[in-house]
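> Here is what each chain is made of, one letter per residue.
There are 2 protein chains.
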Amino acid sequence: MARVPASRLPQHPLIVTAEEDRVRHARGQSFPDWLAMRSGDFEFFPDGVAYPETSAQVRELLAFAVQHDFIVIPYGGGTSVAGHITPQKSTKAILTVDMGRMNQLMDLNEESQIATFGAGTPGPQVEAQLQARGYTLGHYPQSWELSTVGGWIASRSSGQQSLRYGRIEQMFAGGRMETLQGTLDIPSIPASSAGPDIREVTMGTEGRMGIFTEVKVRVQRAPEEEKFMVCFMPDWQAGKTVAREVAQQRIPLSMMRVSNAKETRAHANLGTSLKQFKLLDGYLRFRGLDDNRCMLTFGVTGSKYQNKVALKQLKKILKKHGGVGGALANIMGTIWAHGRFKFPYLRETTWAQGIAVDTLETSTDWGNVDEQMSQMETTLENALKDDGEEVMVFTHLSHIYGQGASIYTTYFFRCADSYEATLERWKKLKSKTCEVIAQGRATISHQHGVGRDHALYMPVEKGELGMRVIKTLVKDFDPEKRLNPGVLLQDTP
Amino acid sequence: MARVPASRLPQHPLIVTAEEDRVRHARGQSFPDWLAMRSGDFEFFPDGVAYPETSAQVRELLAFAVQHDFIVIPYGGGTSVAGHITPQKSTKAILTVDMGRMNQLMDLNEESQIATFGAGTPGPQVEAQLQARGYTLGHYPQSWELSTVGGWIASRSSGQQSLRYGRIEQMFAGGRMETLQGTLDIPSIPASSAGPDIREVTMGTEGRMGIFTEVKVRVQRAPEEEKFMVCFMPDWQAGKTVAREVAQQRIPLSMMRVSNAKETRAHANLGTSLKQFKLLDGYLRFRGLDDNRCMLTFGVTGSKYQNKVALKQLKKILKKHGGVGGALANIMGTIWAHGRFKFPYLRETTWAQGIAVDTLETSTDWGNVDEQMSQMETTLENALKDDGEEVMVFTHLSHIYGQGASIYTTYFFRCADSYEATLERWKKLKSKTCEVIAQGRATISHQHGVGRDHALYMPVEKGELGMRVIKTLVKDFDPEKRLNPGVLLQDTP
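If you're matching them up, the sequences are chains A and B in order. For the first sequence, my numbering gives the first residue as 1, with consecutive numbering after it. For the second sequence, my numbering gives the first residue as 1, with consecutive numbering after it.
Among the hints, a few may not be true.
Same chains, same label: a pair holds when it works inside one copy or across any pair of copies.
[Stated by the list, open to error] Lysine to any residue pairs mimicking SDA-like chemistry, simulated, CA-CA at most 20 Å apart:
| hint | residue 1 | residue 2 |
| --- | --- | --- |
| 1 | K304 | K316 |
| 2 | K275 | D476 |
| 3 | K316 | E224 |
| 4 | K432 | F31 |
| 5 | K315 | Y305 |
| 6 | K315 | L279 |
| 7 | K475 | E464 |
| 8 | K262 | Y305 |
| 9 | K475 | L465 |
| 10 | K471 | R347 |
| 11 | K92 | K475 |
| 12 | K308 | G367 |
| 13 | K312 | E224 |
| 14 | K315 | E464 |
| 15 | K89 | F286 |
| 16 | K320 | R221 |
| 17 | K427 | F412 |
| 18 | K471 | R425 |
| 19 | K319 | T349 |
| 20 | K315 | I331 |
Simulated from the structure, these hints should not be mistaken for lab results.
The following block holds chain A by itself, in its conformation from the complex:
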């Protein structure tokens, strides 16, 4: 705590400058953030934290920022893995605005199925407040336990059951954003051809245009039934083809995930006891599936009848491509469901064994999935060759669409002797692979957002005029670069 410098912010009744608040808001959940927190070397801290309870208080804080020329970082659940909320070195003071006290269901229109939430409401409170009334939003990113509805919208998040519920883009219906130019009231209309969609312009602005304070989302009746299952395909091509056919034939599953052979082997080793593994392995070999086998994880969510007909259609496709399920399928699906938000905690476990772990993700067209995955895996595997270090890599497709899929790659490498040296290894892995993503016909992020860590790669993806669109908007709403500078665009205050 001794290293937290004195706050440079002027006094204000809404601003807290206690060290603990500043330390707690200094970092997100990226690998460098996590290293920083372990090592105690946070680099930079916000000069203070505010916890507004109303839109009016957010406006007041923004006006105070203009008056005293300081920087504002909007903060949801602090789960960013791309540096969205990390203060950078700056001659100006930095205020983090933590939206966590705006966490209530403010209105639920049951006829139109629209819920209005305070933007700082985290996943569990979103669902608890809705489910008490018989409704669900159905948005379950891996960060769900902490991340907030406003954060999901600001960074264009996607949940694990997006096959049924859609991405946050399909859920966000409108609401209120406080900007330096005033309040942006985003109209909530089912569908419109009245010019560009303002919802879509604000989603993904990552705090650069303003701060979401109240948001309307499209909700649904809580489903009658939800089930997760697992089955195994003979090889990657079969698994990928099943996923593509499910999406393109619109089989109404709520999720489908395809692990490649390496991930399938790793999961079998990590997720089960030796006895269980041998039992499963023996059964699958008996059914003709060797080490090339790939695991499919899938779920149905809806009425019992809808789930039944969805599974019936799926089974036809699985059979055609040689899928093997059986009695184990339901048990393993249940295991997945129990562990679905646990992956981020794996970092602690492997660290104790001297192993670092992180993930990279993108999405691309079906026709490019193999090439993109192969390039990402090969790049990671070879990235530390010069250091004589091996990297263990595996991948799954986490979200599927008619056009393509998201690619989610996990990699493990040995920790170096110091935090600094471990961070250097990570930087090599990250930058080499991001370069490969940017140069492919893929996006620099399917679900994590841009933040500071991906801003460098945006121009390749969006093109010169695409970047001009974003820069023009940000500049018009925040000409002095007061809101989250360095995020989304590579600029500094």
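Fit chain B to the known structure of chain A by using the hints.
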């Protein structure tokens, strides 16, 4: 033809200044356009028309416009009903760029189900070229016979089977827009969290940002089966509730339309012979449905199995709310399918009897549908009271969503003694009702776009900062107001 003034455009090998070309591109298909064409009083004409065949030629035309300081109007099928392509009085010369020669399927990636089209490809050519390969886009607005894929994107169009295929927003995957600042290459990615979506920023810009030249759209395998059917509900509340439950329970129909009681009566009178009408009326009365009955039109599109289970789920809902179908249902559904693009021609038929007809449309939340429909109908019915004229009005919900529905109102009024006086009557009807839409929690257009006719109402819907977003973008891409000025925004060159 004598009234077409001399062209003010400089000579260019791509520009045609023949009177016939200029007359043919002077007007769209709105009621005033149609009056102008009948009366021969076109008011203004483009000074010339170009028919580019490549993106390079579009760039050349835009550069020529800058060089010689003239205005450019992008033109697709000329089916605008909101004044998108109508030249206004201007001291500058006006060039209409007709995209009709860029009408080819340039590429079809069957694995990723992405088709690339010249932006000027009209509906029938889109489908013919795709269906020859076993695919479909499935976008069928009423203007389908003439309107183009680029026009659909530029004006955020919606097709009749949007319940299955989605709006054009769900189909448009990326492509190329030629702007005054260069070529905007819009990346085609299945889904992304990399900042604001450039596709979404360009859709609905109605030619103000640039001209789409090549567009990628998400296509599907041609369906195994498609059926349209009709049934009758006891009253409006029952019909509306069925539609809401279908959307909110995600019953996979491809379309559902709910006619109110007035439209149901009118359709029965207009669409059938007296003998057929008496037969149907007698049967429905026997089944307990009186003059309050409402017609539901619906369709299924997909595999035979998917259609069967969709109809099974629908039937349960219909039964719960007192629906009556029977043997007539399939026959009447087939009649609807045959006449689905015919409505625009009705104008000619009624005109011969001294009756003018036009439509108005919006969309709003389920909780506001009744109020909005009632206000629109009452406003139209009373709008010509001062002139002692009655207006006949009826309505249907044309597109349904979980959140709400589109409201599509048709109105008939007597022609006055002169074109001018008839136009005055129309202006009263249009402006009074648009005011009621703008003041409701509804959009000024669900599917027709903004054009010149709705620009006045945009600020109420989008708000001051919402308008600022649009103005900032347009100004940045076209600071001299060269591209379609007066459209989308109320500005003049």
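> Please go over all the hints and tell whether each is borne out by the structure.
Hint-by-hint comparison with the structure:
1. K304 <-> K316: Both ways: K304 and K316 sit 19 Å apart in one copy and 14 Å across, limit 20 Å.
2. K275 <-> D476: neither (62 Å within a copy, 65 Å between copies)
3. K316 <-> E224: Only across copies: K316 and E224 sit 17 Å apart there, 24 Å inside one copy, limit 20 Å.
4. K432 <-> F31: So K432 and F31 pass the 20 Å test inside one copy only (16 Å; across, 59 Å).
5. K315 <-> Y305: both (15 Å within a copy, 14 Å between copies)
6. K315 <-> L279: neither (24 Å within a copy, 46 Å between copies)
7. K475 <-> E464: both (16 Å within a copy, 17 Å between copies)
8. K262 <-> Y305: Neither: 36 Å inside a copy, 36 Å across copies.
9. K475 <-> L465: both (15 Å within a copy, 14 Å between copies)
10. K471 <-> R347: neither (36 Å within a copy, 47 Å between copies)
11. K92 <-> K475: Answer is within: at 19 Å inside a copy they meet the 20 Å cutoff, but 32 Å across does not.
12. K308 <-> G367: neither (31 Å within a copy, 32 Å between copies)
13. K312 <-> E224: For K312 and E224, the Cα distance is within 20 Å both inside one copy (18 Å) and across copies (18 Å).
14. K315 <-> E464: neither (46 Å within a copy, 53 Å between copies)
15. K89 <-> F286: Classified as neither: same-chain Cα gap 60 Å, cross-chain 80 Å, threshold 20 Å.
16. K320 <-> R221: between (34 Å within a copy, 19 Å between copies)
17. K427 <-> F412: Classified as within; 13 Å inside a copy, 69 Å across copies.
18. K471 <-> R425: neither (32 Å within a copy, 46 Å between copies)
19. K319 <-> T349: The answer is neither: 38 Å in one copy and 56 Å across copies each exceed 20 Å.
20. K315 <-> I331: Answer is within: at 18 Å inside a copy they meet the 20 Å cutoff, but 35 Å across does not.
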